[in-house]
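Protein chains: 2
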Amino acid sequence: MTVLAKTTSELSSESVRSLYDQLVVKAKEISHLQGISGLLGWDQEVMMPTNSADSRANQLSALAGVIHAKETSSSLGSILEELEKRQAAQDLSTELNPYELANIRLSRKAYKAETLLPSELVQASASLTSKAVGAWAQARKESDYAKFAPYLEQQITLLRQKVGHHMKGGVCEEARKINEKARASLGLKEGDECYKGYYQALLDEYEPGFKVDRLHNLFEDLKKSLVPLIAKINAKNFQHDDAFLQGEWDVTKQKEFSHRVSERIGFDLEAGRLDVSTHPFTGGAHSTDVRMTTRYTLTDLKEGITGTIHETGHSLYEQGRSKEYVDTPVSAALSLGVHESQSLLWERMVGLSKPFWTNTLPLLKEKFQEPSHEALQSVTVDHFFNAWNRVEPGFIRVEADEVTYGLHVVLRYEIEKALVEGDITVAEVPGLWNAKMKEYLGLEVTEDRLGCLQDTHWAVGLIGYFPTYTLGSIYAVQIFAAAKEAIPNLDEHLAKGEFHVLKKWLNENIHQQGSLRESGDDLIFGLTGQHLDSSLYVKYLTEKYTKIYDL
Amino acid sequence: MTVLAKTTSELSSESVRSLYDQLVVKAKEISHLQGISGLLGWDQEVMMPTNSADSRANQLSALAGVIHAKETSSSLGSILEELEKRQAAQDLSTELNPYELANIRLSRKAYKAETLLPSELVQASASLTSKAVGAWAQARKESDYAKFAPYLEQQITLLRQKVGHHMKGGVCEEARKINEKARASLGLKEGDECYKGYYQALLDEYEPGFKVDRLHNLFEDLKKSLVPLIAKINAKNFQHDDAFLQGEWDVTKQKEFSHRVSERIGFDLEAGRLDVSTHPFTGGAHSTDVRMTTRYTLTDLKEGITGTIHETGHSLYEQGRSKEYVDTPVSAALSLGVHESQSLLWERMVGLSKPFWTNTLPLLKEKFQEPSHEALQSVTVDHFFNAWNRVEPGFIRVEADEVTYGLHVVLRYEIEKALVEGDITVAEVPGLWNAKMKEYLGLEVTEDRLGCLQDTHWAVGLIGYFPTYTLGSIYAVQIFAAAKEAIPNLDEHLAKGEFHVLKKWLNENIHQQGSLRESGDDLIFGLTGQHLDSSLYVKYLTEKYTKIYDL
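Same order as they appear, the protein sequences are chains G and B.
Counting along the first sequence from 1, when you hit position 335 you're at 338 in our numbering, and nothing is skipped either side.
Counting along the second sequence from 1, when you hit position 487 you're at 490 in our numbering, and nothing is skipped either side.
Since the hints were made in silico from the structure, they are not lab data.
Since the structure is predicted, the reported quantities are computational estimates derived from the model, not experimental observations.
Check the hints yourself; a few may be wrong.
Over the 10 Å line for every Cβ pair with chain G, so calculated as not near, a few chain B residues [as the list claims (entries may be wrong)]:
#, residue
1, Arg59
2, Leu83
3, Thr531
If you anchor each label on the Cβ, the simulated ranges turn out as follows [unchecked claim]:
#, chain 1, residue 1, chain 2, residue 2, range
4, B, Val136, G, Glu377, 55 to 63 Å
5, G, Glu495, B, Glu369, 37 to 45 Å
6, B, His282, G, Lys542, 52 to 60 Å
7, G, Gly167, B, Ser21, 55 to 63 Å
8, G, His262, B, Ser133, 28 to 36 Å
Here are some chain G residues pointing at chain B (derived, C-beta under 8 Å) [said to hold, decoys possible]:
#, residue
9, Leu36
10, Pro52
11, Gly190
12, Asn492
Every residue, glycine too, gets a C-beta built ideally from N, C-alpha and C.
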């Protein structure tokens, strides 16, 4: 059925409720189409035969075109505009509830962000990214940064153009303010280049509402505490005996065990799937159709288990979305950092904890009874816990433990912000990277493939994304602390495998809240009465590892 | 990038080549989106978790809306209209090749068929179908035809409305002619009801260009030959010993064997997948991404093997589509009947043949070496062939052997044509069904769940579809005969497992031809110099089963 777009004057005679309802119809249609896109992405990584890469690219591109047209349609624009007029004239909170108001706010922001970009820029960016990824893969293979540098340079140019359009259109007011202040203090004229505040605009895409100066302070605090903690652990030069983790671990059994753990935690297999892919991820088509993946390595038991628990955390967030506001923007995750908090809360606060292994170690022993794993049978929970939580600085972020991981991120944040804002050049990246690795983790990088070429993020134009990993780990500690306060004897529940208690609390306090709040910081404040703060996080790490390493 | 639709006067100044190119751009976009729809359908049957039925329905409906809008866009209409003007004024074959001309013809027909239906009718049909399927399932379970009858009545009403719109708009000229002739001979005035020719219009959707009177003659010939053949086999009251097929067949081994057979035949796993679903089907997203399914039954070895070979035949057609005209209408299968000919050619002409089992029986023996299948090890190819080709009339179409299957279809054709054209009422269906079962197969139907309630087709509004199964089997025999003439020693190739010889011939002579011809009959005539004809088919069955049953 074709519904003709209404004219502005027709809309002006309608009630706020009717305008809102029309907005929801459009939002739901976009959500359905985005769900399809999510399924295609999952299929591509998990199921698709090799020869159909081209046809899948065509399908994704056709669908993206359709979604873009819906997201930027003038009929959607007219409804949003009329709602903006009403909002300027009266307080809509008498007619709409906070979730509905959030839907208007989020729809308006998304509409602006989509409509402000010229299609030439969107196309140039897609085209560059596909070339840049190829160049990066080659450069990493040969450990030859020079092969990647020109593409990074171009990505930064395009990202700056994108931010320019967004700032002009008012997508990120905070970024505009920073830029104006910097221009004024430098005495710049219109037309003079100045990229201050640009990182704020990029960060805002992944962590909406989060201010860069707060991020900066958090990360400075982290460095001050973690660099000496790591140095102390290093100086100890001691590791708990982990002979019981060596050898080969039957992949079918690993898979069965991971499925069991994931289901015990609360992953709903009637509303999702767990499969295998090269790089684990959580995606899918809907909160009732969450597709997560993991991977199993024959000689590394920990990778499959922690990977599964991590993705289960993401999946519980997706499966726990508000049913009342299903398929509207407010039901979506607040930010990447908050999403990561849910994966890390389960992976670390639960999955690396003694209560968790108190009930899970017997299941592990039950699963692996082969003579080759005899050593596992006699290990105690305390010993298992100490060895499972091994800390060891390394070059590669994705292999890092929870103590060193944060500094991998701080290093990337410092470099990418300086790059985008013009404080360093692309050529300076490797030197800076290596100096920081030495300073933060005490490691000498001898090859760029183990250094600044290890991650794909910059090649695909993801700048402002890395910080969300560490924001996630800080959120996780504060959210878990709030859960502990709210749930009597949480540790005892976890030790008995009663994970549903924690899951239910997260469902109510995080998952169903969706994007109601304006930032992750607001969410934490609403939950705990405190802003995001690295001190609880540092305290958690310090106390835990002081005991484990007897510091 | 938004491209504004061109005005009619702008188009009138463009070259035919340019108009054609614009048509292709639109056709390809539609094809990409249809590919997505195909993937969603596959996923729903094979991968989707149970709770996401609603979200998937929303996604499919949103996508269908998008595709419908593209298929009926006025910009597409303008291009087609301009091409029609040119075609009226000059012979376009000097500028476009036959494949390109077919693309114009097929696009015009699809555009008309889509634009002629009022959206209210499309919605009413979707809504009825979902209710009718529920009612049918319940009716079948309780063997209570009265519970389904009102829905069948409504489906027929809606189908007649649909045909009415199509006939008025000139989608099926043949149907209109039949109707006019009948009206004239009955002396009807405008406004008087007359449904003669309506079945022609419905058949045309599944078997384009095929005339109902030819179908009628083919089916009459079939009855004349097959009813006595079956009676003769029945009278013989003899079956070859098939003890070696009894017992339980390990499903994992069945799966491995089916995959092997499918790959040997030529299914390309780099351009497709083979999975398991409740009802076997071939679907997918693209000719480079063909998804087929089969099913395995513990106590029925034949079901999994023949099902896999059948779907492999469909898949080879899809994987063998023209690469030059990829994603345009001419690359698509000509008709359901021709598609079925490809599955049946492999399932029957090859998979039920002695040459095939000459090389495949040793592989089967190799796979199933358990003591419980000792009897298999000593069976000869001749004995296997005789027992594997068991004929036995039964109530259920999908379980029928190749001799009786055709009569199941003839019976349905006769009833559904009479229903749509108003010669019988819905209430008369069970009685007529049972009388025909007695006459054609010698069976007494005692319960409608084993009779007229067994198939889902009528519930979902598929009328005019059943005949394509039997047209497929007739095409298959004629196509296989043509292949035998073209390929020296084809039987010897098959006996050595050199299936690629036949596959290549089919690729070139059937698959890559796509929808170039106007009907399956044209295709056969082009290939063999003869029209479709049941006599070769009857000869094949008569000779084969006269030997097997020593008639």
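Discussion item. Which constraints among the numbered hints does this structure fail? Numbers only, ascending.
Written reply: 1, 5, 7, 11 and 12
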